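> Using the working numbering, the first residue of the sequence shown is number 23, and each one after it goes up by one.
Treat the hints with caution; some may be incorrect.
[To be verified] Estimated spans, in silico, between C-beta atoms of each pair:
id: 1; residue 1: Asp129; residue 2: Tyr181; range: 28 to 38 angstroms
id: 2; residue 1: Gly96; residue 2: Thr133; range: 16 to 26 angstroms
id: 3; residue 1: Gly169; residue 2: Gly115; range: 32 to 42 angstroms
[Claimed, not checked] Below, computed lysine to aspartate or glutamate pairings styled on EDC-like, alpha-carbon distance capped at 16 angstroms:
id: 4; residue 1: Lys156; residue 2: Asp190
id: 5; residue 1: Lys156; residue 2: Glu131
id: 6; residue 1: Lys156; residue 2: Glu141
id: 7; residue 1: Lys156; residue 2: Asp194
It should be emphasised that the hints constitute simulated quantities derived from the structure, not laboratory data. Predicted model, so just to flag it, every value in this text is computed and none were measured. In this text, a Cβ means the ideal position worked out from N, Cα and C, and glycines have one as well.
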Amino acid sequence: MRSVGFTTVWKRRTYLGLIAVAVLAAGCSGSEPESSGSSSDPTTPAQPSTEELFVGECGSMTDERLTSITGISGLTTSSANAVRCRWDAVDTGAYAMFTWYRGSPIDRERTVAGQMGREIGIIDADGHPGFTAKGSDTSCEAGVESGDGFLHWSLNYYYAAPPRPSCDVVEDLIRATVENAK
């Protein structure tokens with residue numbers, strides 16, 4: 023069995039240590055991209071691009087208005103609170119859901135929907151930009167900016183027949199919510 027001397031071990035460890043330091047230094051250095059006028063400093067809060075909307079519980083949507091816009095009869099509230107509400111139609115499996123994402127970036131939601139294979143569209147509701155994400159002919163979701171967060175509706179008809187394209191319906195839900203905002 024061959025023995026390795028202290029000096030050889032020390033040289034190897036020093037050499038490996040220098041390589042590790044060089045790799046770390048290379049990863050931490052590098053030039054910053056030219057600033058485009060916006061700060062990427064995490065301590066600087068992002069400025070909201072739209073005014074903050076205040077919506078009442080369930081997006082300020084009444085059951086009657088929801089039924090009128092969606093064309094789904096038999097929708098009943100299955101959950102309701104200040105930030106999320108869901109209505110279900112037991113006979114067809116159809117549902118509508120409103121969510122108020124406060125302090126959450128809309129681009130993340132749009133990206134996730136795109137990664138899931140949904141067809142992404144662009145919308146605007148009274149100056150509040152957003153997106154639609156079509157999952158199928160019977161399902162769509164939409165979100166629009168509201169201050170540093172966003173308002174979001176999702177809709178799925180399952181076994182019910184949409185009265186018109188599902189993304190048109192969900193856009194109408196978003197627009198009604200923005201209209202009702204206080």
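> Now tell me if each hint is right for this structure.
Status of the hints after comparison with the structure:
1. Taking the beta carbon of each, aspartate 129 and tyrosine 181 are about 33 angstroms apart, inside 28 to 38 angstroms as hinted.
2. At about 34 angstroms, the beta-carbon gap between glycine 96 and threonine 133 misses the expected band of 16 to 26 angstroms.
3. The hinted range of 32 to 42 angstroms is satisfied by glycine 169 and glycine 115, whose Cβ atoms lie roughly 34 angstroms apart.
4. For the suggested pair lysine 156 and aspartate 190, the alpha carbons sit about 10 angstroms apart, so the restraint of at most 16 angstroms is met.
5. Proximity of lysine 156 to glutamate 131 is assessed by CA-CA distance (about 13 angstroms); at most 16 angstroms being required, the pair is judged to hold.
6. The suggested pairing of lysine 156 with glutamate 141 holds, with an alpha-carbon distance near 5 angstroms, which does not exceed 16 angstroms.
7. Using a Cα cut-off of 16 angstroms, the hinted pair lysine 156 and aspartate 194 holds, with the two alpha carbons roughly 14 angstroms apart.
This entry does not satisfy hint 2, going by the numbered hints stated previously; all others are met.
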